[in-house]
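Trainee: Chains as they are written, first to last, in this note's numbering: chain A, 1 to 418; chain B, 1001 to 1239; chain C, 2001 to 2271.
A couple of the hints might just be wrong.
[What the hints assert, rightly or not] Pairs of lysine-lysine residues, derived as DSS-like cross-links and limited to a Cα-Cα distance of at most 27 angstroms, are as follows:
{"no.": "1", "chain 1": "B", "residue 1": "Lys1222", "chain 2": "B", "residue 2": "Lys1234"}
{"no.": "2", "chain 1": "A", "residue 1": "Lys413", "chain 2": "C", "residue 2": "Lys2158"}
{"no.": "3", "chain 1": "C", "residue 1": "Lys2215", "chain 2": "A", "residue 2": "Lys413"}
Bear in mind the hints are in silico, worked out from the structure with no lab data behind them.
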Amino acid sequence: MNNTEKIKKSLNKRYRKEKRFRLLSLLAVLTGFACLFILLVDMIIKALPAFIQTEVKLDIHFDQEKLELAAHFEPEELQNANFRGLIKQSLQQRFPTVRKRSDKRALMRLISVDAEYQLRDKLQAEPQLLGETVPIWLLVDDDVDTYLKSDKQFGRVSQKQIAWITELEQQERFQKRFNYWFFQTGDSREPELAGILGAVMGSFYTLLVTLLLSFPIGVMAAVYLEEFAPRNRWIDLIEVNINNLAAVPSIVFGLLGLAVFINFFGVPRSAPLVGGMVLALMTLPTIIIASRSAIKAVSPSMREAALGLGASKVQVAFHHVVPLAMPGILTGTIIGLAQALGETAPLLMIGMVAFIVDIPQGVTDAATVLPVQIYLWADSPERAFVAKTAAAILVLLLFLVAMNGLAVWLRKKFERMF
Amino acid sequence: MNNDLSLDSHISRRFNEELEEVRHKVLVMGGLVEKQVADGLTALLNSDSSLGEVVAGADFEINAMEVAIDEQCTHIFARRQPAASDLRLVISVIKTITDLERIGDEAEKLGRYAMPMADKKITPTYFVTLRHLGEHVKVMLHNSLDAFAHNDVDEALTTIASDEQINQEFEAISRQLITQMMENPRDIKKAMQISWCARALERIGDHSKNICEYVVYLVKGKDVRHISLDRLNKRINTD
Amino acid sequence: MTTTNIEQKVNETWGKPFVDNAKISIRNMDVFYADKQAVFDVNLDIAKHEVIALIGPSGCGKSTFLRCLNRMNDTIPICRVAGDISLDGENIYDTNMDPVLLRARVGMVFQKPNPFPKSVYENVAYGPRLHGLALNRAELDDIVVTSLKKAGLYNEVKDRLHSIATGLSGGQQQRLCIARTIAISPEVILMDEPASALDPIATAIIEELIDELRKNYTIAIVTHSMQQAARVSQRTAYFHLGRIIEVGETSQIFTNPQHELTENYITGRFG
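So that you can see chain A by itself, here it is in the shape it has in the complex (with noise of 0.2 angstroms):
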């Protein structure tokens, strides 16, 4: 057997072997996708619910003597107007056999509580409907929606309510919309007044305030220990020190927020100011890693032809070492940011796991995150907030693929060829 024999031996042997190799890397990546896409499925079948939203229509009768309103009556009594009699009213008119107390309270329990606000607000938009009967569509109960969502196989109706249902329903009185409500409201203890803003904006104010201390920071420290620490023992402590932080748990970092800002410093509690602080505590590490990685990994011969040329040591570094590591750095930045997102643990101990309504106009009001939220409505006994939950994670999703094509973006417009 010569050599161009034992040779094509060994080939097929090793063909094989690649390929093997090649089907498994295959297989892996399949494995992956398999279950993300899974999950994706799940999670939007699940929260499909969650943006379709019942509603009623109820005949209304904007009665001035049922609203407790004077003949003239300055436009603040209208808030304090019995909005609620009137569906009262319309409820009797529309089924005029109940007559027990218990059963008129949950005849009213089919109509959501925000529907008196509704109509208030309806009301105070057109003053002409006073004393006007119209046709109006209000918002249902969770439980009514869920039991029309789910094929009446929901059972957290009573009969009597069944009946009264299935009477509107054969008057064609229920009606499915967009549930354009999730994405403008905060929380609420209602499944469906529950909006998801609230946390979008909390997070967004928290991951600012995360970015504005941290990318700075985390940037300055890793030039500075890349291109002017001097090589001593204090520095080497520095370096063991940050890539031990790397691994310290959240929660630790939640204690010190605690500790420091808000007992020591007085910064306001529950507030996307402190807990950006916290987390940008925890993300500085990464960002320190991952920028002194992309700055070791600049080309000595860029800052030669700098120094060269005679630039100053922080030339170099800001005019070219720090341009051509960016794309490192925003990735690193990026990462950070991302597992700033999804931290609960270190918010829990700066008040930040908190059932909040308002939508935070700033990073001092009190506000809650995009996790937390999610931990909050997994966490909530009403068959309606199963959906929301599922639509929560799909929205932190979202954002995180938001920011993860931001810093594409960015890497594109930075990266250079070389």
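Could you slot chains B and C onto chain A? The hints should help.
Mentor: Just chains B and C, lined up with the frame of chain A:
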């Protein structure tokens, strides 16, 4: 004195071989030339016209060798870009073979003159001085080739100095022949032929001297052509 | 080779290290990396408007030596330079000497073409901008164009001054680096194997350029190509194990070196 050009210590073994081969060929060519000169002289002095014919006909071999070595040197230039001692060696070789070829031509002339002179009755007394000159030239040629073979500057310098003696002998022969021709005009033709032979031998001496000068250039890196012996020695001794 | 042999003295320099019109003079220079000495007692003058070639086997200290001439070695913390190196009589390792100013006076071109990943224009304009050499845009334009012309690159890049410099060919990139260096009008240009990454034609163009630049600048060039040293330089210094073994006229070094180590190196022999 370190006469070792260490041709065998290049990193490229092939280069060692090429340089060694060229040197070897030059020495082979030198041997051939030496034999031609010796044969030519013998033919002349012994009035051996057949040997003269052989000598006259054998020059092409030397010419062919010159061309071959020349080509090899060109290849070395093109492929190796020799520097320093290697450069000097190749240059010296190219120059040396030119002079060797010229010596070959002179030997051919000797052989050619031997043929007509063998037919004529020439008084042997003419040959005595010619033989003397011839022996001297043979020794000088041998010494110059020896100096080349051993990169021996001392021998080269001695040989260069000995050229002066050959020139003097040639002068003496010329004077003798002129006297002869004035006394005996009928012998002018014979005397002229002998003069040409002497002239050829003297030229061989000059070429040998050139070869020795190349040896000095090769070893010392100093050009010692066209200068007086005194200045030559001075130049050699100032490093 | 009368007195040369391998035991020939190596701790003194053969040939003529000193000249009358020195631009840079180096006396008793030692360079250490931590405890390891890389350059030993070097004495050398670099004359005005000459090209001096520094040759020698890898690791012989010639690049280290070159980098000490504009204090590029300052960036290596463990590197220490002793001795006296003066540029026009000023000691460049004096505490009064600003290394940034020194590097503006003693420019450097590197082995690998290293243009900044910016436009051709920005590459050349960087140095003048850094040092405030141009008062306005027109002056800067003028400097850029003149430098590119001096580097023999202008005609090739005049239509793409604002496209990225890393898109140029290797030879063009190296000439751009030279243009970038001469844009700040240095007095001395140090070149560390400037043509080692280039093809023969680009190399020939660079060599031609070096010859042209000699009129206005003093040039020290480290090269591994003996032919290149022979072609571009007037004087050649041979480094061996951190010492200058021999300095002399290039034509003399390449036909008749005095020291056996030089001889061995340039003829490709075992040392």
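Trainee: Each hint: holds or not?
Mentor: We went through each hint and held it up to the structure:
1. For the hint linking Lys1222(B) to Lys1234(B), the alpha-carbon distance of about 12 angstroms falls within 27 angstroms, and the restraint holds.
2. Taking the CA atoms of Lys413(A) and Lys2158(C), the gap is about 26 angstroms. The hint holds against a cut of 27 angstroms.
3. With a CA separation close to 43 angstroms, the supplied pair Lys2215(C) and Lys413(A) exceeds the 27 angstroms bound.
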